[in-house]
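Line by line, the protein sequences give chains A and B.
Under my numbering, think of the first position of the first sequence as 1, with each following residue one higher.
Under my numbering, think of the first position of the second sequence as 1, with each following residue one higher.
Treat the hints with caution; some may be incorrect.
[Said to hold, decoys possible] Distance windows between CB atoms, simulated: (1) B:162 to A:259: 23 to 33 Å; (2) A:225 to B:220: 47 to 57 Å; (3) A:284 to B:107: 33 to 43 Å; (4) B:51 to A:252: 30 to 40 Å; (5) B:180 to A:92: 41 to 51 Å; (6) A:44 to B:23: 29 to 39 Å; (7) A:248 to B:105: 41 to 51 Å.
Simulated from the structure, these hints should not be mistaken for lab results.
What you are looking at is a predicted structure, and each value in this text was computed from that prediction instead of being measured.
Positions of the beta carbon are idealized from the N, C-alpha and C atoms, including for glycine.
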Amino acid sequence: MLHDALIGPFTEFEFMRRALAAVIALSLAGAPIGVFLMLRRMSLVGDAMAHAILPGAAVGFLLSGLNLFAMTAGGLIAGFAVAILAGVVARSTGLKEDASLATFYLASLALGVTIVSIKGTNIDLLHVLFGNILAMDDQTLLVVAFNATVTLLVLAVIYRPLVIESVDPLFLRTVSRAGGPAHLAFLALVVINLVNGFQALGTLLAVGLMILPAGIARFWSRDLTAMICIAVVAAAVSGYAGLVLSFQTRVPSGPAIILVATMLYIVSVLFGRVGGIVRQLFPGRHLEA
Amino acid sequence: MAALHFHNVTLGYDRHPAVHHLNGEVAPGALVAVIGPNGAGKSTLLRGIVGILRPLDGSIHLGGLDSRDIAYLPQSAEIDRSFPISVFDFVGTGLWRGTGLFGGIGKAARGKILGAIASVGLNGFENRPIGTLSGGQMQRVLFARVLLQDARLIVLDEPFNAIDSKTTTDLLALVKHWHGEGRTVLAALHDMEMVRSHFTETLVLARGPVAWGPTAEVLTPENLVVAMRMCEAFDDSAAACAADDAHSRAA
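Based on the sequences and whatever the hints tell you, model everything.
See the structure below:
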């Protein structure tokens, strides 16, 4: 009975297996990126980037219909353009990165909506906005897995400068020139993972599988490595449970995944070991030293 | 060969000078105090030396040192104390020169890191997140990192601000130890007593150099009064500096 509900869908249907594989790949790559976004106080930057991708995806859609390769390529180009332009403007002028990014992503969003309204077929576009992880074909799954692999490799390369740049940027500047490239590479990884996510979750929810697990992890550990592991597990569990929920009920898959993650987040906020609300309300007697 | 050579250096922000026409040199192994009122350009000068600020005019020669041979302790470090990193890992970043992007932290390196943490008196703090440290403990951690950087030139910007006397004594001992090892040390300071009793050479800075030389000769009431009177005015419509033209005409 329980087996039928929890494992049955995946043994029975290939599209469920593909969806599960995709969501695990997304978790492995997206959650660590999300942790860094959160720690660098860039959570909303991720959100902004998700909007910035839209015109690129729309152009891809315009040129070749609902072709995920075209839309991915378009999304990557638009995302990179916005991320790099915003980064360059912020680094070469006094403007803060968030202000600079806000400008670019608003322009990008306006452009995207314009392009969309020219073409004007709304149903397919719904797919772009909210994704459909259950309709994933083999090719798309391979693209997702490839992007996830690239993300983990690049993250391994830039991990050390990225950490030092997050803690003490001035120090990194005095010992190395790796800070700037590491930051740009990180922004690129954010874009890749957003594009990766929108095939499954859509442009609007893609950032959810990155930021929510990071938020969850933050309530359970003070250690960066542990945080990243917890975030990955939280994302994968949300993905799996969301798929099951979506299969058994009529909730669409993307929102189901994000809603499960939200439930985990609420539990973490309440009962988390590090700064959870219950822990703060009932801290126990103070210690001796 | 001087460790540092200033050649008509003007440093500043947005064309407005904060350090104006500084000439002179620092001998290798010197222990130099940079003093002057707030706004005198001490921090600006140090930022120029470590290369995060490019001179508006003139040049700073590092006497063959690479910029990585410099350890810099900024005044208000832009450190994100909420970032989940342990004291051990944070101090370990001081080994960057040796490890770079991928170099492993082997047994020898671990020993060095533990040694540095011990020599600033923080034994047992290795696994504490930096966010849980007090101001003085954090300053000790930063000194431990400078220690690991093993740099020929050490630049400290007001390292003893808001630090209690015990910590100051401990950290000052480290500074003197570095001096003893023949490293060049520059420190921006406010405590005249400390400068008088521990630093051999002093630069009194008030946008331009007021006096520079052996501490006993330079640290006079007259020089300090001149430094204090230095105008802090920031003139938005200041004309382009003519001193260079005068220089070239004289030459």
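request  = Give me the numbers of the hints this structure contradicts, sorted from smallest to largest.
outcome  = 1, 4 and 6
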